[in-house]
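Chemist: Based on the provided sequences and hints, a complete structural model is requested.
Here the protein sequences line up with chains Z and V, keeping their order.
Counting along the first sequence from 1, when you hit position 907 you're at 904 in my numbering, and nothing is skipped either side.
Residues are numbered in my numbering as their position in the second sequence, beginning at 1, plus a constant of 458.
Keep in mind the hints are simulated off the structure, nothing from the lab.
The structure displayed is predicted, hence computed values, not measured ones.
Just to be clear, a hint being listed does not mean it is correct.
Said to hold, decoys possible - Just a few of them, taken from the derived set where beta-carbon distance is under 8 angstroms, the chain V residues facing chain Z:
{"hint": "1", "residue": "481"}
{"hint": "2", "residue": "485"}
{"hint": "3", "residue": "488"}
{"hint": "4", "residue": "489"}
{"hint": "5", "residue": "503"}
{"hint": "6", "residue": "504"}
{"hint": "7", "residue": "513"}
{"hint": "8", "residue": "631"}
{"hint": "9", "residue": "635"}
{"hint": "10", "residue": "671"}
{"hint": "11", "residue": "672"}
{"hint": "12", "residue": "673"}
{"hint": "13", "residue": "736"}
{"hint": "14", "residue": "799"}
{"hint": "15", "residue": "995"}
Claimed, not checked - Chain Z regions said to be covered by chain V (calculated; three or more residues, Cβ under 8 angstroms):
{"hint": "16", "segment": "556 to 568"}
{"hint": "17", "segment": "815 to 824"}
To be verified - Chain V residues, not near chain Z, derived (Cβ > 12 angstroms throughout):
{"hint": "18", "residue": "514"}
{"hint": "19", "residue": "634"}
{"hint": "20", "residue": "731"}
{"hint": "21", "residue": "796"}
{"hint": "22", "residue": "985"}
Just so you know, even glycine gets a beta-carbon here, dropped at the ideal spot from N, CA and C.
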Amino acid sequence: MKIQTDFSMLGKLAFRLMLVMIMAGSLVYQGLASENLQDPVTITGTVTDANTGEPLPGVTVAIKGTSTGTITDVDGLYSISAFPSSVIQFSYVGYLTEEITVHESTTIDVSLVVDIIGLDEVIVTGYGVQKKSDITGSIASVSGEQLAETHIVGVDQALQGLAAGVNVIPVSGRPGDEAVIQIRGISSINGVEPLIIIDGVPGSLTNISPGDIESIEVLKDASSAAIYGDSGGNGVIIITTKKGKSGKMTTNFNMYQGFEKPVSKLDLMNSQQWLQMAEEQNAGNTAITSRPDTFPNYDWQEILFDPAFMQNYDISFSGGNDVSTYYLSATYTDQSGIVKSSDFNRFTLRLNSEHKLTKRITFDEKLTYINRRYNGFPDYAWNNYYEGPIRLGLIMPPYVPGYNDTTWANTPYSRNNPLARLDMIDRIEKHNNFLGNVGLKIDLVKGLSFTSRFAGELGFWDTKEYQNSYYNTVYDFRYDNEVKSIASIYRDLSYTALQLLEYNFSLADAHNISLMLGMEAIREWGYDYNGERYMTPDLPDYLQYFSQSVDDTSINQIIDGEAYESRRLAYIGRLNYDYKGKYLLTVNVRRSGSSAFGPKKRFGWFPAFSLGWKFSEEQFMKNQNLISFGKVRFGYGQTGTYARTGYPYLSIVRSPSTFAYPFDDAVSSPGAAPVQIANPEIHWETIHMTNVGLDLALFQNRLSLTVEYYDKVNEDMLMLQEIPYHLGTYSLGSTYDVDNTSPEVNIGSIRNSGLEFTVGYKNNIGDLKYGIDLNLATLRNEVLDLASDSLDRGQVENINPITMTCIGGSVSEFYGYQTDGIFTREDCAVDANGDYILDAGGRYSVVNQPQYIDEEGDLVYAQPTAQPGDVRWVDVNGDGRVLTPEDKVSLGSPLPKVIYGFSFDLEYKGFDLTAQFTGTIGNKIFNGTGQYLYYCRDLTNRAADFANRYVDEDIYKEDPYTSELVLVTSANRNTDLPRNNTENYTYASDFYVENGSYLRLRNLILGYTLPSSLTRLINVERLRVFVGARNLFTLTKYSGMNPEIGSEVDEAANDPGILDMGIDVSIYPVTKMYYWGVNLTF
Amino acid sequence: MIYRICLIALIGFYTYSCSDDYLDFKPVAAENSASFYINMNQAEQAVAAAYSTLSTRTSWDRDILLYLGEVPSNDAEAGGDYENEVPGAEEYNRFTFSPTSALIENTYGVLFRGVHFSNIAMENIPNVLETDPNADAGIINIRIGELKFLRALNYMYLTHIFGQVPLVDHVLGPSEYYRDKATLRDLFDLIEQDLTEAMLILPEKSSLSASNIGRATKGAAKALLARMCLFESSYAHYYPGDSRFVGLNERWQDVLDICEDIISSGQYSLVGIDGTTYNTWLGPETDGYRYLFTVEGENCEESIFEIQYINDGVDYTETRAGSLVMWTAARYCYNTSGSEIGAGYWGLGWPTQDHASEYEAGDIRFKTNVAAPGDSIEIGIGGVAIRCPISFEHTATGHYIKKYELSAEQFTLAAGHGWHKSPFNIKLLRYGDVMLMAAEAAIMLSDNAKATTYIKLVRDRARNCGDGIVPADLTGTITMDQLIRERRIELAFEGRRYFDMVRWNIAVESLNNTQTPGGFPITYSSPKNDFMPLPQREIINSNGSLTQHEGW
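Modeler: This is the structure we're talking about:
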């Protein structure tokens, strides 16, 4: 057989298994058929609502496993013919399905219970679907409606607070910026990005509009995610898009508009306070430099931040008939930034349809086009240490206006006016993505089906940037000969081919088995080109291209590019088994291969299993009314992650510009050398995870409760192995040189464990329906092993490092010195008369401090130059010295001990009110913004709080106009805030580490649905208007702008930002938004 | 029918993607060390990479020559805007650094990266003779010579700075990762062997084509070997019985012979010795000594080996350019209205008064090396070059280094210029140094005639570049003191002084119990401070095989 020769061992096995399954299937089919030889009887009965006792019309009554069925009439009556062994299913939308075996009865009356918590819902799992009540892994489900209520542009941020253990941290508030999603802690320093699956194939959250989403499932534990094996280690987010329902065409139109502003402002000094500080700092000048009353006052936060308008529209048409259904949608989002030059807009078009080609073959397709545009200041510069505009704006002295009459205001003290930069760089980034996903499902024989899915994506990403010249000060300029145009083109292509064979059958009416075998092949490849060319200044838009006719100084241009390809191949298998729906077992296994690894370690096995027991189905639970549903479950599995790209198993030779050398003083000759010591043994990070859960539904399902505990350990975390530099592994750091040349090895280990609670309660009081939902997750994170002693990261202004990751601690703990208040005059030496002993410079002698003996044998104070008002540093190791490396201690972790979200929903006669809260407990923030707002070197602006700093004595200076002595700064000895001295504020210390816990009203929405009797007059089925507010208020002790601090993810440098989390570096602020909108269905 | 077609299509597709071979493909846009090094072009790239570590951002010019070669000596303070503005440099002035200091780590790293890239290229480029039909065995041979020179150069500076370090003469496999430091004897043997071989292979400077001007030459290999012999002889002579220098010998005759070999090659001359002037940015009548330190004077007749820099005008040069002008030129000057403004330079490496007072009044070399009150500097303001009087308010010694000053057109106003960019080459080996090495060896051999001859040439040039009077010829027996002083002046701020002080064993007496201008006491103890400690990370990552120097 020709085909067979192409099969690998596993392929052969799969083929044989398929044959066996087909045979087994036909046997079972025959078995079922033989049962039908008994005589049928006619069954009649009434179906009622269990709560009200009212008859239920339109309930589907069907014989399980057959196509025989009927519906109840207006009085809830039905009549159906069945065998004594038949199982009759009663199902009705919004009610729990009941199943009853006929036995000898001829009359079966049934009362259906309202399915308040959706136990009967079918939810999407890895490569399949399952009834919610049968799930044995840990899967959180979020519906499209829940998501739509958040009114957030990106799906990522919309997930915030909706599922226990899913932590969503906005990286910044800049329109279009993506949030970081962490599922169940941080198990790798190489990134924690979950796998995103859209309609069965890998995808990206940026490529979807929230309005098109039917449901989102989050696979949190290994037993459910292990089916994704090598890429499931950080959890999986499965997104299912909407599809049409047969029936007449339904049109949905939704829109909202809103205004955004910064979520809060910092309290900064005004000109008067600033001047007092400046006079104090200019101690050498005896005359005052300016008269406070003549100084203007500008609020740089007003200058930087403008309220921004945003709008979102989506329209969809759906419908179909017995053969075909369709869903067609278009959405448009336009969001201005609260800082100029940071706008985002998005347009998406989607067509989903499904067709029954024959009785056995179903075909579906999902076609999507997404256009995203980012306008303005370049990505890389927003959070930049030197030129980040937000940071520069906050430290502007308050007497400096943004603009003066003609141009940008001159900025003193070698700082740049951020407005000049924002104004003089034009940039646009356009993403055009085309996605296609087609599937074919064939029902081969009863219970056996084959699905084939093929999905592809084409990504076109273009950027164009023009950096114009300007001159502001000697430090703040771009000369004419530095004007340049930059353009980049990126092409990303990928496909996924997926084949699944599924077989469901029951044995002896008690053993329900479903089997699945599959294979998946994924290929991703792409390339990019980047060009730069020096140009003439002030070119209009239409001339900012690399065109010879416009600008002949073509010598100054550069072009470079990159290309990549990666492939993955996987074989998957799963068994679901249950005994009478009570005892549940799932086993799945994946064999994955990735081109990222060498031939020796290319493939790996990822097994998992889970068990469940629905104890509420047991006889002994039938006589109580409290617990209506109860299930315990246990799961264990292994998953993998591999966050890096490239080929670390090979010693790659690269030719970066830094390897070039100019031999002839005219042109550099390119150079090439291996940039990485290869590790042929490199393989996946393996994550072992155990999950235990309890699901309960109480009081007729009104209250649902889920409690889970998990423990997950990454045992083979990839790290660069620190080896001696004599092997040639030194590099300058990513900005100036090629990446690290050390070998990458599987050495590290990190453990995460936690408890998760999800509680929901729904009820009504008359016409008032209400619901409360709460989710809460604890996290314990511990680093078990590393390839080196510790990993230090993080920098703000001149403090570096800030975080330390070491064995025994948690990831990225803040690390620095402890302070113990400030020295006061009490700590100073006095003479016999009780007068302070001052030296020739009028300096106090602080004697109440540690001492040590130096090399010369002299007794020396730990802080020999200390004055009243200076920080008293803690001598942690007691050696008499302070500020030594041994005095550094952990100052807390940026990881929250608890994250939570809760919401209230109220509905009353057409009115609806939703309030959503999220928060964290127990995390710390390193207030890096504070660091440069207290840093005492230049006369930049400071936090308003700094006006309350220690000042030892009144300072008088001469007014040059009146020649009078003027009090410029008053003494302030009754304070804890250290005096104006650089030394007090330039160490990573507990001074900057603050409590980051918060509670935030994420969303508040009030809606009103007009009575349908009214709207039908204009042929409208549903018309709802609403107003809402996002991030309306926040409770926190944190003094910075926003307590939600992510980390600066630098993709170019392969730095996922795990090791410097929680440092507030004045990123683009998160916004508060007020909005209104309309939902229309007709 | 449709059902069958679909089924067949699917089975076909299934089998297509079924095999594990799916993952076997050649990595795109990536060469690996097994597939590279197959043609001449790739061989040339491997060699360029070995040279490129010399121009690694700030490593050689600022870190090795200024921070490690000058700042610890009694010629220069770390300086800046005020004392200790740059603690990472000032700690070398005060000898308060530790084995965890970033500068020590980076310098060690970049020098060994140079060794590594030379080793990689040396082992791989001969392969192209088999794989490339157009490969030129002669050129490959010369390139091997260049690589040996480069390996020796990196090791020379490793021994200057760290003394004993591990010996790595080939690409190490995983079982060889961890090794202890070698003796100076073994290290010098490697350097000598590399240079001796290179000397035989490499062409003379005069036979280099224009496109090969920056490459190592026969003369460069000889000059470096002379320096190695000079250091070996000095360690042996000035540190008798010191266990660090066991096996080293006084080889003054070798030093003299090699220097005279260079002299007799006729490849080099002292520029301006006959009073010739040159056209540079400073004017058409620039004297020879000043001309040496201009862009115009790069690769001139006195130059033996230079780190080549260009300012291509595009961003990547940011990582690879001569930055000494940026770090050393005057920090502040006065604008036309008399206000003090930043000149755009850092003003690091303040020349000490001790250094300034070494010059005889009228010695032209003072004006080139040191900025003193009355001097001006050219800077760019708003796109225009303006000459401004220097402000000396912010230098505690009253001086700035002037040697590396460039025109505003060449630096501040150059297209795409950046803080770390200038088109300025660094002369690692020059003929003037060879003269002084020869003179020193002659003194040690008590050959006063030769000592007088060679030191005279250096002073002749200085005199003829200046007023024709100062400095006058030395008479009588040339002493080591005179030689030391001459080296200090002639080679001022070229990154040699501190290594010389250690070599002569005068660092202790000159530096211990002194203080910085700001009054910070300096404690220098030998042997601890003669060499920098090995980086702490090397000790930690050595698997217990590397031992730290004594005293650290």
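Chemist: Take the hints in turn and mark each one as holding or not.
Modeler: Tested hints:
Of the supplied interface hints, the one on residue 481/V holds, with its beta-carbon coming within about 5 angstroms of a beta-carbon of chain Z, less than 8 angstroms. Interface restraint check for residue 485/V: the shortest CB-CB distance to chain Z comes to about 5 angstroms, inside 8 angstroms, so the restraint holds. At its closest, the beta carbon of residue 488/V sits 5 angstroms from a beta carbon of chain Z; the interface hint therefore holds under the 8 angstroms criterion. The interface hint given for residue 489/V is met, as the beta carbon of that residue sits about 4 angstroms from the closest beta carbon of chain Z, less than 8 angstroms.
A cut of 8 angstroms between beta carbons decides the hint on residue 503/V: the least distance to chain Z is about 4 angstroms, and the hint holds. Interface restraint check: residue 504/V against chain Z, minimum CB-CB distance 6 angstroms, threshold 8 angstroms, status holds. Checking residue 513/V against chain Z by beta carbon gives a least distance of about 7 angstroms; that is within 8 angstroms, so the hint holds. Look at residue 631/V: its Cβ only gets to about 10 angstroms from chain Z, farther than 8 angstroms, so that hint breaks.
Contact between residue 635/V and chain Z, as hinted, is supported at the beta carbon level, the nearest pair being about 6 angstroms apart and thus within 8 angstroms. Checking residue 671/V against chain Z: minimum C-beta separation of about 5 angstroms stays under 8 angstroms; hint holds. The criterion of a C-beta within 8 angstroms of any C-beta in chain Z is met by residue 672/V, whose closest approach is roughly 4 angstroms, and the hint holds. Below 8 angstroms, beta-carbon pairs count as interface contacts, and residue 673/V has one with chain Z at about 6 angstroms; its hint therefore holds.
The criterion of a C-beta within 8 angstroms of any C-beta in chain Z is not met by residue 736/V, whose closest approach is roughly 17 angstroms, and the hint is violated. Among the interface hints, the one on residue 799/V holds; its C-beta lies about 7 angstroms from the nearest C-beta in chain Z, closer than the 8 angstroms criterion. Here the hint on residue 995/V is kept, as its CB sits about 7 angstroms from the closest CB of chain Z, short of 8 angstroms. Coverage of the segment 556 to 568 of chain Z by chain V holds in this model, with 7 residues showing a Cβ closer than 8 angstroms to a Cβ of that chain against a need of three.
With a threshold of 8 angstroms between beta carbons, the proposed coverage of the segment 815 to 824 of chain Z by chain V is violated, since 0 of its residues qualify and at least three are required. Once the 12 angstroms rule is applied to beta carbons, residue 514/V is inconsistent with being away from chain Z; the minimum gap is 7 angstroms. At the 12 angstroms boundary, the C-beta of residue 634/V falls inside the reach of chain Z, the nearest C-beta of that chain being 9 angstroms off. Non-interface status of residue 731/V relative to chain Z is upheld: no Cβ of that chain comes within 12 angstroms, the nearest being about 24 angstroms off.
Annotated as non-interface, residue 796/V keeps its C-beta farther than 12 angstroms from every C-beta of chain Z; the closest such distance is 16 angstroms. With a least beta-carbon separation of about 16 angstroms from chain Z, residue 985/V lies farther than 12 angstroms from that chain, consistent with its non-interface assignment.
Figure legend: structure checked against the earlier numbered hints; hints not met, in rising order: 8, 13, 17, 18, 19.
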